[in-house]
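Asker: Per numbering that gives the first Met the number 0, the very first residue in the sequence shown carries number 0; after that it's consecutive.
Heads up, some of the hints might be wrong.
Simulated crosslink set (DSS-like; lysine-lysine; CA at most 30 Å straight-line) [as the list claims (entries may be wrong)]:
no., residue 1, residue 2
1, Lys93, Lys77
2, Lys5, Lys174
3, Lys2, Lys77
4, Lys5, Lys77
5, Lys77, Lys174
Rather than coming from a laboratory, the hints here were simulated on the basis of the structure. Small disclaimer: the values here were computed from a predicted structure and weren't measured.
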Amino acid sequence: MGKFLKLVSLVFHPLFVPIVGTLTYFIITPKYSPLEIQGGNVLPIFILTVIIPIISFLILRNLGLVTNIHIPDIRERKYPLYINILLLFLILYKVIPNNYIVELYYFFLGLIAASMTALLLLFLNLKCSMHLMGMGSLLMFMISLSVHFEINITIALSIITLLTGLVASSRLYLKAHSKAELFIGLCIGMTTQLLTVKFWL
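Please model the complete structure; the sequences and the hints are all you need to start from.
Answerer: Given below as structure tokens:
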């Protein structure tokens with residue numbers, strides 16, 4: 000059971016939230032999106048939010064600024080967040096405008112707001128769950144897409160809700176967070192996405 004929950008914690012790492020949200024949009028949307036537009040968004044977003052952060056983590060670890068991929072220490076969490084926010088801004092101003100999709104623009108704006116909120120909490124010596132923040136962002140984004148396009152994706156929403164609970168259980172089992180930190184992370188993720196809805200829904 001312990002190995003399974005560790006795997007869950009790794010597979011649903013917040014690192015994958017931006018690319019999963021992007022792929023989710025292209026799967027759900029009824030709008031016609033040529034392969035050029037899909038590739039023009041998916042590939043650079045994958046590079047900027049998965050490949051570069053992994054390389055950055057390896058560099059930070061070699062420099063002794065972080066110890067492991069889950070970054071349990073409050074002081075260590077600031078460096079990946081700085082990098083994450085910078086890369087998300089890069090996507091917002093350089094990647095998305097080339098193949099503008101309003102839903103993705105505000106999804107990434109919500110991710111930036113969530114990351115900046117998590118960073119602010121760190122300066123207040125408070126830690127929130129980045130895992131739950133990511134799952135909350137995905138869940139609210141999918142709900143918003145369902146309403147926006149008037150598409151019934153109840154099964155998908157049920158699965159992501161179940162997975163969110165599974166991720167929360169894994170973080171508790173691994174003693175990575177308290178219940179309060181999980182709840183705060185989930186609220187930040189859902190709220191920041193909800194606040195952007197009025198601009199595109």
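Asker: Please work out if Lys77 and Lys174 have their alpha carbons no farther apart than 30 Å.
Answerer: holds (20 Å)
Asker: Between Lys2 and Lys77, is the straight-line Cα distance small enough, at 30 Å or below?
Answerer: Holds. Lys2 to Lys77 sits at ~28 Å (cutoff 30 Å).
Asker: Given the hinted pair Lys5 and Lys77, is their Cα-Cα distance within 30 Å?
Answerer: Judged against 30 Å, a Cα distance of about 23 Å means the pair holds.
Asker: Are Lys93 and Lys77 close enough, with their CA atoms no more than 30 Å apart?
Answerer: Holds. Lys93 to Lys77 sits at ~24 Å (cutoff 30 Å).
Asker: When you check the alpha-carbon spacing of Lys5 and Lys174, does it fall within 30 Å?
Answerer: Status holds; Cα separation ~11 Å.
When held up to the earlier numbered hints, the structure conflicts with none and fits them all.
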